[in-house]
Amino acid sequence: MEVRDIDEGKLQAEELKTQWTNWIIKGLRYVHTGYGLVVFTVLFFIFLPFLCIPMIFPRAHALIGILNRWWARALFAFVGLPVKIHYRFTPERGKQYIFCPNHFSYLDVPTVGLNTCNTIFVGKIEMQRVPLFGWMYSKLHITVDRNRLRSRYESLVRAAKAIDEGKSLTIFPEGGIVSKGMPRLAPFKDGAFRLAIEKQIPIVPVTIPFNWIILPDDTFLLTWGRVVAVFHEPIPTEGLRMDQIDELKERVHEVIRNELNEWNYGNRPPVTG
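Residue numbers (the numbering used here): 5 to 277.
Simulated from the structure, these hints should not be mistaken for lab results.
A hint or two may mislead.
Mimicking DSBU-like on lysine-lysine, the simulated pairs with C-alpha atoms at most 35 Å apart in a straight line are [stated by the list, open to error]:
#1 165 <-> 143
#2 128 <-> 203
#3 253 <-> 171
#4 99 <-> 30
#5 193 <-> 203
#6 193 <-> 88
#7 193 <-> 128
Work the whole structure out from these sequences, hints included.
If you want it as structure tokens, here you go:
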């Protein structure tokens, strides 16, 4: 037998081994994802009776944020995803903020739900399509159909009213999951920044660097990894005018963009699989 035949045989064996390894890993990811969906569903029904309280008694809106945190903590704990939250500032008790995170994965919603500030979300109307959960989401949070001008206007009116009621907001300024693969920030929509200037409340940029790896938008299969979120120092809006919206958007965009570059290029993501 020639040496070349032996080398080709070894190469084929290695390729087969790699193929089997990939199949096993993918199979485990399917199991992990299925288990995660079961955990999500069970926790939803456990928390649902408590979530009905702020639906019936709107003044108990602070309970929404508290339940969001408990739900998110339980979800990540039972699914086996460690979490590290970095705060670059100390949130002031009773102060309102608009939190603006990058958005590359459906895992971003429970991640921001870990926020120690009680907030309500402004999210896409597609959330309402999820059976029962969508109904609950639409009752406690603000949904918007970005394809309809009237819906966008109504969501801004509701968001402004929520601020007047003393609530803080979480708004994904990209308008949804736009970027695929390695995080690349899409241009920001005006809504969050228009509200912040109109109501003169600070914007908090939030960077979520690794969720796009842990739960990719294209495959929707979980990969084990550490969930990381960075809550940056608030950017004040006192004294800003509406003609400075673009300037404010760029400041927030730059903060998140630079942080993403630091995590994804300056360091190796703490993710395997």
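Original post:
Are there hints from earlier that the structure breaks, and if so, what are their numbers?
Top reply: 4
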